[in-house]
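Number of protein chains: 2
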Amino acid sequence: MGLPQLVQRLGAPGQFLDPAAVDFVCISDNYYTGKTKPCLTHGLRGNVYFHLEVLCSSKDMHSGVIGGSVHEAMTDCVHLMASLVDPSGKILVEGIHDDIAPVTEHERASVANVEFDIEEYKKDTGIDVLGKKARFLYDSKEEILMHRWRYPTLSLHGIEGAFSGTGSKTVIPAKVTGKFSIRIVPNMSPEAVHAAVRKHVEAQFAKLGSACQMKLTMAKAGNWWYRDPDDPNFKAAAAATVRAHGQEPALTREGGSIPITEVFEAVCDASCVLIPIGASDDGAHSQNEKLDRKNYFNGIKTLGCYVDELAKLVPPVPAPFGGDPVGDKRRNAKRRRCKIDLMAFGCDCLDCQVD
Amino acid sequence: MGLPQLVQRLGAPGQFLDPAAVDFVCISDNYYTGKTKPCLTHGLRGNVYFHLEVLCSSKDMHSGVIGGSVHEAMTDCVHLMASLVDPSGKILVEGIHDDIAPVTEHERASVANVEFDIEEYKKDTGIDVLGKKARFLYDSKEEILMHRWRYPTLSLHGIEGAFSGTGSKTVIPAKVTGKFSIRIVPNMSPEAVHAAVRKHVEAQFAKLGSACQMKLTMAKAGNWWYRDPDDPNFKAAAAATVRAHGQEPALTREGGSIPITEVFEAVCDASCVLIPIGASDDGAHSQNEKLDRKNYFNGIKTLGCYVDELAKLVPPVPAPFGGDPVGDKRRNAKRRRCKIDLMAFGCDCLDCQVD
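Going line by line, the protein sequences match chains A and B. At position 349 of the first sequence (counting the first as 1) the number is 349 in the working numbering, and the numbers step up by one without a gap. At position 336 of the second sequence (counting the first as 1) the number is 336 in the working numbering, and the numbers step up by one without a gap.
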């Protein structure tokens with residue numbers, strides 16, 4: 001059972017994530033854009049992960065004894081992988097860009113406001129190891145952030161089944177599986193991406209004229225997520241950040257994918273805020289991943305204040321005995337939203353009047 | 001210390017491989033072309049093995065958080081590997097074919113005489129797993145054998161440093177090393193192949209416009225080997241094969257590389273014969289590698305008879321006390337060659353007259 005199944009099971013009436021009992025969701029699983037400025041995150045890219053298997057034999061072969069007579073799976077696999085993306089990062093799969101939502105002026109302005117230091121980012125990513133020639137695919141802060149958060153990307157992760165050890169093995173691998181994934185953004189869908197990749201890979205493979213067998217599998221499909229931060233959950237998180245850090249959080253998006261966000265929102269019928277507490281140089285999924293002590297303690301403070309801010313926001317409304325807890329919760333949620341509206345603009349809806 | 005260094009050390013006067021004491025060399029490290037017909041092998045391809053390292057960072061990166069902003073080592077590596085060879089097996093490195101010796105009529109005739117069953121070879125290689133679509137790069141016996149023995153080939157073995165496990169890891173690997181090797185034939189040289197590959201890879205890498213660092217290393221260089229089988233060593237091995245198997249051996253070449261052959265010949269100042277005792281389906285370097293019991297016992301018989309045949313061939317000529325054993329050995333070797341010639345054509349050289 002994976003986390004989505006667990007969350008779904010716990011979302012039943014009377015369970016820990018009973019939608020009648022959950023008002024807001026918070027996930028802390030992403031990063032600042034720099035090292036000190038706190039932020040709240042309201043968008044994630046999705047991720048569609050593919051396994052591209054090529055088979056040429058039932059067993060590995062000797063490249064001297066047999067090489068020259070057989071179609072080699074590695075050759076096909078490497079040609080197919082090279083056909084997916086060029087070295088400038090451009091995805092070469094036809095039609096993949098069709099569904100991308102046009103970038104709004106608001107989005108451009110939002111990115112322009114983010115504090116981000118390109119030279120620091122060279123150290124964070126480790127590309128400073130390339131010395132004076134170290135450079136990103138794009139030169140400006142805005143382009144770099146937009147290509148991390150708002151545009152799709154395709155990464156080639158590796159090949160399973162080929163020789164991956166140290167040294168020099170003279171093998172023709174029998175079956176190799178290329179691994180690659182595409183980060184998707186509004187309004188791309190995993191289904192459309194899958195269809196486009198399949199069409200591309202099948203056409204490219206046909207061109208190779210190979211006797212090998214090729215099989216494409218979509219191994220994972222996590223959708224993108226986007227929430228308008230003008231929401232009580234975000235307001236509570238922002239107030240908490242001010243109390244813990246002494247400054248307003250930046251509003252950011254994130255290039256990574258946290259597919260459980262959507263599941264929590266759907267199961268709990270509640271909005272989610274992402275409150276990162278890690279710095280940009282924490283090195284997620286890399287060697288020597290770390291969390292600064294300062295971020296650890298400020299994170300504890302922020303999350304404590306966040307719960308306190310939520311408590312201020314939400315008046316406890318117990319479900320009447322024998323009543324309809326889900327219905328009550330929905331009414332309460334509406335009431336809370338109205339309360340927020342009331343504080344800002346006034347409200348005269350029926351629910352509020354009843355309250 | 002590797003085997004070449006060991007052989008060289010043992011080649012000193014008084015040691016096990018003292019050239020004064022070694023008359024002939026035999027290696028049993030290759031295979032029949034089929035499963036029953038014994039053979040003697042008089043040619044090997046060489047192998048030049050390359051490591052193609054591409055570096056994009058000091059540490060692995062998260063493909064979501066960072067993907068879209070950095071030049072990715074895997075993308076460059078896969079593009080460079082795809083530029084080396086096409087799916088039909090054609091090597092795309094410019095100039096690589098320049099030094100290949102023209103194929104002689106004798107070579108063509110020799111290959112035409114080899115017993116070789118294409119359908120059996122499908123089972124031996126394991127490509128029969130592809131079912132009815134299973135086919136080789138070439139359709140005829142002659143082309144298949146010539147491309148295994150007499151033409152160069154390039155195989156892509158794998159990539160070190162990329163994600164090679166099962167499952168779906170969303171990593172941008174920091175440093176990947178593509179492994180590939182080229183089997184070389186007369187009159188290619190490892191040095192010329194190295195120079196051509198370096199020129200090709202550097203030109204291709206420049207075209208990519210990447211910020212990554214690329215480094216090509218020639219990890220191994222084993223030369224091809226060819227010996228005219230009209231030689232007493234081969235005649236002894238042939239006579240032994242007839243005694244053990246009841247049939248004349250085929251004369252074959254081999255696509256694999258046994259670089260120690262050249263070292264033994266040079267250190268011992270003696271000719272080498274390759275006496276394979278394994279069948280074509282033994283699966284060298286593969287899963288479930290095996291040796292048939294029949295071949296094992298017939299191999300023992302063949303090698304015993306071979307020593308007996310050599311003993312008949314070589315009259316023991318002890319070095320005179322205080323004499324020059326190496327000089328004696330060389331004279332003896334010349335004398336033996338003349339003896340063989342004498343048997344066939346008559347000989348009146350001084351050495352033979354002295355004997």
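One or more hints might be untrue.
[To be verified] Here are a few chain A residues that face chain B, going by a calculated C-beta distance under 10 angstroms:
#1 20
#2 21
#3 77
#4 257
[Claimed, not checked] Residues of chain B placed beyond 10 angstroms of chain A at every Cβ, according to the derived structure:
#5 25
#6 34
#7 36
#8 45
#9 60
#10 68
#11 158
#12 194
#13 269
#14 292
#15 305
Since the hints were made in silico from the structure, they are not lab data. Bear in mind that the values here come from a model prediction, so they are computed numbers and not experimental data. Using N, Cα and C, we set each Cβ at its ideal position, and we do this for glycine too.
Hints, verified against the model:
1. Annotation: residue 20 (chain A) was flagged as interfacial toward chain B, and the flag is violated, the nearest CB pair being 34 angstroms apart, outside 10 angstroms.
2. Because the closest C-beta pair between residue 21 (chain A) and chain B is about 32 angstroms apart, greater than 10 angstroms, the hint is violated.
3. A hinted interface residue such as residue 77 (chain A) counts as satisfied when its beta carbon comes closer than 10 angstroms to some beta carbon of chain B; here the least separation is about 9 angstroms, so the hint holds.
4. Given hint, residue 257 (chain A) at the interface with chain B, holds; its Cβ is 5 angstroms from that chain's nearest Cβ, closer than 10 angstroms.
5. Distance check for residue 25 (chain B) against chain A: the nearest CB is about 20 angstroms away, which clears 10 angstroms, and the non-interface claim stands.
6. For residue 34 (chain B), the shortest C-beta to C-beta distance to chain A comes to about 13 angstroms, beyond the 10 angstroms cut-off, and the non-interface label holds.
7. Against chain A, the non-interface label of residue 36 (chain B) holds: every CB pair exceeds 10 angstroms, the least being about 18 angstroms.
8. The Cβ of residue 45 (chain B) sits about 6 angstroms from the closest Cβ of chain A, inside the 10 angstroms cut-off, so the non-interface label is violated.
9. Taking the minimum C-beta to C-beta distance to chain A, about 4 angstroms, the non-interface status of residue 60 (chain B) is violated against the 10 angstroms cut.
10. Listed as outside the interface, residue 68 (chain B) is inconsistent with that label: its C-beta sits roughly 4 angstroms from the nearest C-beta of chain A, within the 10 angstroms cut-off.
11. For residue 158 (chain B), the non-interface assignment is contradicted: its Cβ lies about 3 angstroms from the closest Cβ of chain A, within the 10 angstroms cut-off.
12. At the 10 angstroms boundary, the C-beta of residue 194 (chain B) stays outside the reach of chain A, the nearest C-beta of that chain being 14 angstroms off.
13. Even its closest Cβ contact with chain A, about 27 angstroms, leaves residue 269 (chain B) beyond 10 angstroms, as expected for a residue assigned away from the interface.
14. At roughly 17 angstroms, the least C-beta separation between residue 292 (chain B) and chain A is larger than 10 angstroms, which holds for a residue marked as non-interface.
15. With a cut of 10 angstroms on Cβ distances, residue 305 (chain B) stays outside the contact zone with chain A, its closest approach being about 26 angstroms.
Consistency with the previously given hints fails for numbers 1, 2, 8, 9, 10, 11, ordered from lowest to highest.
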